[in-house]
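Chains A and B supply the protein sequences, listed in that same order.
Quick note on full-length UniProt numbering: the first sequence kicks off at 1 and runs consecutively.
Quick note on full-length UniProt numbering: the second sequence kicks off at 1 and runs consecutively.
Heads up, a few of these hints could be off.
[What the hints assert, rightly or not] The calculated label-pair distances, taken between Cβ atoms and stated as ranges, are:
| no. | chain 1 | residue 1 | chain 2 | residue 2 | range |
| --- | --- | --- | --- | --- | --- |
| 1 | B | Asp87 | A | Asp80 | 27 to 37 Å |
| 2 | A | Asp143 | B | Arg118 | 17 to 27 Å |
| 3 | B | Arg3 | A | Ser96 | 35 to 45 Å |
If you are wondering where the hints come from, they were derived from the structure by calculation, not from laboratory data.
Remember, predicted model here, so these are calculated numbers, not experimental data.
For each residue, glycine too, the CB sits at the ideal point set by N, CA and C.
Residues per chain are reported as follows:
Number of protein chains: 2
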Amino acid sequence: MGRSKVRDRIVETASKLFYKNGYNSTGVNEIISESGIAKATLYNHFKSKDDICIAFLDFKHAAFMEDIEAFTKDRNEGVDQILALFDYLQLFFQDSEFNGCWGIKTVAEIPQNNQKIRTVLQGQKREFLDLIIALVTKNLKIDHQEEIKTTARRIYLLYESAVVESHLHQNDWPIKEAKEVCSQIII
Amino acid sequence: MGRSKVRDRIVETASKLFYKNGYNSTGVNEIISESGIAKATLYNHFKSKDDICIAFLDFKHAAFMEDIEAFTKDRNEGVDQILALFDYLQLFFQDSEFNGCWGIKTVAEIPQNNQKIRTVLQGQKREFLDLIIALVTKNLKIDHQEEIKTTARRIYLLYESAVVESHLHQNDWPIKEAKEVCSQIII
DNA sequence: TTTTATATAGACAGACTGGTCTGTTTTTTA
DNA sequence: TAAAAAACAGACCAGTCTGTCTATATAAAA
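Work the whole structure out from these sequences, hints included.
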């Protein structure tokens, strides 16, 4: 998707800064000085800071989906592939750059009326839910479509709370507990 | 705790605006015009906007703890009092003023380095967890202290995800699913 | 080589922010 | 009634922010 080298560098730099310091705490001047490009160049590629925000969300989401898909695929088929979600999160948590859920935090920062960014995030979470649905379908022997969906939703909720709460409490007990509840659900 | 009528009015107005429109989107000028007080008066009661933020968090938290304690107490002893947490949330969700978790959203808005507000929120979540521990102790016949804590933490996680995700998806399925998983845990 | 597109640096506009200060008026207390 | 405390209005300050603009340099395409 990278339409140009310069554009990629902007998105990568902005993503790093947005995730580390927050959307509102990161000014466009910081983005341009950090990525070593001119302001006019930035506004040549993005019509507004909000547009960079969407590119940031897309960038993080795409990397996340790719990573987690690869990570789960490496496990033995069955419940392991589902529980791997929480092992992935555990690694993510231990990373020094872990800073919670970029999506939820970013949406919390933007004004209420900015529906576009909200919609983008909803779509991404929906995609993540679909990934879990695929995992459940493949790894658990469940007949009813409705039960698959329900199970996936519950795993999704557990995962999401594990991200947010491990970040908030600066401790990995939410990840461990969420994984444990998950295993109770799927076994 | 209301040290004065004026102070109370400031906190109530600021809380309403912070919760509805967000912390950064609400300026002190808006707070003073909405509450009909002078700017000097505001800065006579609070040394900075951050201080108003803490008062806001305290105000919302105190009301929440009081409400949820009263709400659960009204149910029959046993699992009902625990599941009532999610019924309370369902009512909260249906309220036109529902706007997610004020704490998580506010902390997401403030700069990384503002440790004070983070610490306040952690303390409040810890208090909420203690409330759940008390509920579990009272209503479930669990002997081991460690198992009580573990159970409470899991209920806490389910509740938190239900708040955040029902808000994000603008739908109450997270509340229903969280409640269902909770009942599986405690029965 | 000339043209065209895209990069550069950085000044600038204009709106908005949190917070201070002066001076006046009202309310409470003694 | 006199004194003290706390409210008022609002100008003002210093700084931040996004986004625009000018003018120049570079690199690719014709």
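Q) Is the distance from the Cβ of Asp143(A) to the Cβ of Arg118(B) consistent with 17 to 27 Å? A) 46 Å, violated
Q: Using the Cβ atoms, figure out if Asp87(B) sits within 27 to 37 Å of Asp80(A).
A: 36 Å, holds
Q) Would you say the C-beta atoms of Arg3(B) and Ser96(A) sit inside 35 to 45 Å of each other? A) Holds: the Cβ-Cβ distance is about 42 Å, inside 35 to 45 Å.
Going through the hint list in order, the structure does not satisfy hint 2, though it satisfies all others.
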